[in-house]
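K.L.:
As a plain string of letters, each chain reads:
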Amino acid sequence: MATVTISGVSKSFNGTAALHPLDLTVEDGSFCCMLGSSGSGKSTLLRIIAGLSDPDTGTVRIGERDVTRAPSEKRRIGFVFQNYALFPHLSVGTNVAFGLRARGIGKKEAHTRADRMLELVGLAGFGKRTPKQLSGGQQQRVALARALVTEPDVLLLDEPLSALDRKIRGEMQAELKRIHQETGLTTIMVTHDQEEAMNLGDSVLMLSHGRVQQFDTPETLYREPANGFVAGFLGAVPLGNGIIRKKDGGTDAGRATDTATGRTEIEIDGTRLRLAASTLTDGTPAEAVVMAERVALTPASERPRNEDEHEGTVTSLDFYGPFARAEARLGSLTVPAMMLSQHAHSIEPEQRVWIRIAPGGLHAYAAQEATRS
Amino acid sequence: MTAPSPLRRVGGSPRRSAGPALARTGLLAPGIVLLVLFAFLPLVALVITGFVNDRSQLTTENFAHVFSSGTYLRLLGRTLLLSFAVTVVAIALGWPAAWALARHVKPARRTMILGLVIIPYITSQLLLIYGFLTLIQAGGPISYVLTQLHLTGPQDSILYTPWANFLMLVYESMPTAVLVLYSAAESVSPSVLEAARTLGARPRYVFTHVIWPLSAPMVVVNFTLTFVQTVGAFAEPAVLGGPDGQMLGNTISTQISSGANDGFAVALSLVLLVTSLLVVGVVTALVSWTKRAQSGGPTNRLTAPPRPRTRARTPELTVARES
Ligand SMILES: Nc1ncnc2c1ncn2[C@@H]1O[C@H](COP(=O)(O)OP(=O)(O)O)[C@@H](O)[C@H]1O
Ligand SMILES: [Mg+2]
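Same order as they appear, the protein sequences are chains A and B. For the first sequence, full-length UniProt numbering assigns the number 1 to the initial residue and increments by one for each residue that follows. For the second sequence, full-length UniProt numbering assigns the number 1 to the initial residue and increments by one for each residue that follows.
Simulated from the structure, these hints should not be mistaken for lab results. Treat the hints with care, as some may be off.
Derived DSSO-like pairs: lysine-lysine, alpha-carbon spacing no greater than 27 angstroms straight-line [unchecked claim]:
hint, chain 1, residue 1, chain 2, residue 2
1, A, 108, A, 128
2, A, 167, A, 177
3, A, 128, A, 107
4, A, 74, A, 107
5, B, 291, A, 108
6, A, 74, A, 108
7, A, 107, B, 291
8, A, 128, B, 291
9, A, 107, A, 132
10, A, 108, A, 132
11, B, 291, A, 132
12, A, 132, A, 167
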């Protein structure tokens, strides 16, 4: 059990920075997900923590130990690879026992402990098979058991589920969650899947181009994306560029909330939309992004328009099984709306609708910040 | 390599039609015909020749002659020992080269280097041998440099000694070694090695328990190819080896070209063939033994045998039949 502390770690390959100097603390026993698109530097950071790659600058601490110069085999970590990386010449049981045998633990004890660990990951009795005889999901469970059996201080996982199909991935997520709760092991997992990160992580580290974009709890990340990149990664759609308008003179300092005195809007092409919260000051040029699942469309024929709604016209409607996605024109803007299919029956193209963007569904970022990647 | 998994068999189609079997025979046919024509039949002819004496009588006297003479047995021993040494040295030199090529060279350059490695293959063997001769003879480039450094006299050379023969044979074995061991190095996935390290294995342990067992099959292939080829060498010792550097191949070649006693030459070849195969067999067994020893042997006697998966299907089948 240990806190992982990273200070000033950076890394470049052939003069190109893969990681800019970065600080991160993962609390003892917590589950941290590193989220980012391909090439954002997630694996580089994880491999530096594991000792599989050396940082150009900075230090890595596991608990009280400064392990920056320690080789992998001395770090007391467990590492799970995307491609499982099981030893093809060893049986499943011997694979799991490998780490114990390498540390000089006797064969009998090593295999007893390996069997117990296989039981924990739901593979009791599979010890004699070869890795090739197992499915992808089972192989990844073996890899997990192999990493856990040495009782490491930290468990590191590099996209462990992304080679698995959707259904197995869901099962494995539940499994990882259960094992984390049972072992209380400090866990750092790399993923490019935001749902996976939000589901598993106590905290989520959002990376892009080797820079930390945000490090927060999943709820905060979703409610208050720090910038346009994070919002975009979480599925927010760009709405357009406009100007921030603070009502009541824009006197409120700090994070403005929609109290009776202060309320922030963004004006895009003459359309004024209410923002959840923004530190931007009156008159700042900004880009607005909207989360489609927080937009509601109501047919205008059903009832009169509420005060917080805008009038628009449906331009398209697409079904995706349980979900449906519509687009509505609001002035010159195109507003996306995501809803349950069962709620989409009353919607049809060309229909006049009331558009309601829920508080927190619309974010604005200073224009250059929104385009920063 | 590995036995087909029972799981896969369950998943596969239960009935095999005659079609694929026929196709398989068809595909194998040319290979079988070639083997019979050019390997099996000549071997039978050789064996028969070996058991016939110069008066056309069926006899074992050719073999008796081989084993009665200390000269031939010594020559056989020297040939086997020399070939063994050549093979081991070629593998020892080829392994780091192949490993570096597979791990530390950019893919684009790799192709070029592999191309360069193959050049000796597409060059005439005699040309290579005489090229080597000019290189090492007294007054040649190497002799010149060593003389200038006052390491040797101007007339010193390893030419016409067993060493010249040995070096030439190693040189000729290098392309095979690099190519075969390159594919061995490629078959060891980098993440498997990293996994071993994260599990606490020090470099030595990683070598003995991961790299060696995974490479061993290719090392055996390399050993077999190089050893069998080297054991039959006769041009190299004839041109470079001098009086002390001769191999059994020279004697066989002399016996055959003199035309005096084909049966005896063939008996020598057969003895060489059988002893070489014995050496290959022993080395193969040794390598698989180390491999198994390092892998921890048959594992996990502590667990109950896994329940057969097919058992689970039985209830469904019963229901299906009843309905
Ligand atoms: N061994 C390496 N050599 C050169 N460039 C590398 C190496 N590893 C990673 N990179 C580069 O560093 C950047 C970050 O890579 P990585 O950490 O693997 O991203 P991620 O895991 O987020 O997809 C990428 O641009 C990648 O090309
Ligand atoms: Mg990666």
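K.L.:
None of the hints should be skipped; say for each whether it holds.
P.N.:
Results of checking the hints against the structure:
no. : hint               : verdict
1   : 108(A) with 128(A) : holds (15 angstroms)
2   : 167(A) with 177(A) : holds (16 angstroms)
3   : 128(A) with 107(A) : holds (15 angstroms)
4   : 74(A) with 107(A)  : holds (21 angstroms)
5   : 291(B) with 108(A) : holds (20 angstroms)
6   : 74(A) with 108(A)  : holds (24 angstroms)
7   : 107(A) with 291(B) : holds (17 angstroms)
8   : 128(A) with 291(B) : holds (18 angstroms)
9   : 107(A) with 132(A) : holds (23 angstroms)
10  : 108(A) with 132(A) : holds (24 angstroms)
11  : 291(B) with 132(A) : holds (19 angstroms)
12  : 132(A) with 167(A) : holds (21 angstroms)
Checked against the numbered hints given earlier, the structure satisfies every one of them.
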